[in-house]
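Q: This is what each chain is made of:
Protein chains: 2
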Amino acid sequence: MHRVKVRVVEDALDANSTLAQANRADFDRHGVTVVNLMGAPGAGKTALLEQVVADGLGDVRLGILEGDVEGSLDADRLARLHVPVTQINTAAGFGGECHLDANMVRSALGAVALDELDLLVIENVGNLVCPAEFRVGEHHRVMVCSVTEGEEKPLKYPLMFRACELVLVNKVDLLPHLDFDLERLLANLDTVHPGVERLLVSARTGESVDAFREWLVGAAERTRVPATA
Amino acid sequence: MHRVKVRVVEDALDANSTLAQANRADFDRHGVTVVNLMGAPGAGKTALLEQVVADGLGDVRLGILEGDVEGSLDADRLARLHVPVTQINTAAGFGGECHLDANMVRSALGAVALDELDLLVIENVGNLVCPAEFRVGEHHRVMVCSVTEGEEKPLKYPLMFRACELVLVNKVDLLPHLDFDLERLLANLDTVHPGVERLLVSARTGESVDAFREWLVGAAERTRVPATA
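Read top to bottom, the protein sequences are chains A and B.
Counting from 459, one number per residue, gives the positions in the first sequence under my numbering.
Counting from 459, one number per residue, gives the positions in the second sequence under my numbering.
Chain A extracted, bound-state conformation:
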């Protein structure tokens, strides 16, 4: 029984990988850099994107693909800021899928004007496990980790922290009000992903959001492929 289950899962990941490559080829053909933004529910993914969008990214044209189990609350928040947002709901799965997969993203791409974008940020479903297991064709993976979640999260969800090349440590404005040992969080981060780039940010006060904005612009420039489509 367990072997059957593992087999089904391996097949699913194989199929996902094939579709992720197809997505990636489409992104590259249009010269669009894609960032998969992950994190726990309430870590502040949407709030950080709101901050990024509010001041824009210079001449980098940004679009957002918003993954949620149900509803379009986050997409609505972002669309208010006049950025092109496409919503994916995962509730068609059994009671709701806990992550985006390559097929869900592929199904949504018809609604995304890739030729009008330089950078597409895909906000994943809030979850520290499965989103790290399913590539969707992205070039970069970034996660948001809030200081209100405790110092041990890298040790408890190591795959997620290893999968990302940038960790945004959010809500640092709350540090004076928490019993939170920032050094311990950063040491735990280095235990599971030594030297991974990290930014201490606050979506609420805007602290260091500029650094994230610069990172996004740099990522768009580094992976930019001359559009052929």
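Check the hints yourself; a few may be wrong.
[What the hints assert, rightly or not] Simulated DEER-style distance windows between Cβ atoms:
hint	chain 1	residue 1	chain 2	residue 2	range
1	A	G568	B	D573	40 to 50 Å
2	B	D573	A	R538	50 to 60 Å
3	B	A549	A	T663	48 to 58 Å
[Unchecked claim] Counterexamples of contact, computed for chain B against chain A with all Cβ distances above 12 Å:
hint	residue
4	N481
5	G516
6	L539
7	H557
8	L567
9	V583
10	N585
11	K629
12	D668
13	E672
14	G676
15	T681
[Stated by the list, open to error] Taking beta-carbon pairs under 8 Å as the criterion, some of the chain A residues facing chain B (in silico):
hint	residue
16	N474
17	S475
18	P499
19	D526
20	V527
21	L531
22	C556
23	N585
24	S604
25	G608
26	E610
27	K611
28	L617
29	L632
30	D637
31	A677
Bear in mind the hints are in silico, worked out from the structure with no lab data behind them.
Every residue gets a Cβ at the ideal spot worked out from N, C-alpha and C, and that includes glycine.
Go by the hints and put chain B onto chain A.
A: Frame of chain A; chain B shown alone:
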């Protein structure tokens, strides 16, 4: 392809349901009330249990089954308080399962001295989606929702909020430092689960943890079955 996937998932949930019933029969036979405690990563599930365990539950004998992707950090925290704790790691799945299922719990039951317990709290993997989809044989489902996660969580993860009969709104000690509209959270809660019981608590200050303790004792008494084993 999609129909095949739905079929596989339905079969998996069917198998889970059968095993959950077997677990439930074992719990009932030993007169143990079982609570499935769920919530997002960092919501404060373990911290609340620490508070509960610290002062005990009177003559209700408490045990804990601790679900994590990897490691035993939470189990170690609780075991320090001299409560019997059993660890389940879900990392045997592909990169780690994001929830406990009935089979994982069943596999761990051999290590739990059910005949020495009145109440078993199963702390699920931190996740607002899949834990609500997999019964593990529990009598009661309780969730922890932290005020740092934002007001919209019930609308974004409705299945979880509907699945629970008690919602612990945690970290209320931080309310003065947050832009958080508690009334809006409670209204959203009533939208997806009208009238569901809720307690405003703080694992950090201990505020209203007594009420949770009383709820647990009451639950143990309500569902207590004369032990026949």
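Q: Which hint numbers does the structure go against, in order from smallest to largest?
A: Structure breaks hints 1, 3, 7, 9, 10, 11, 16, 17, 31.
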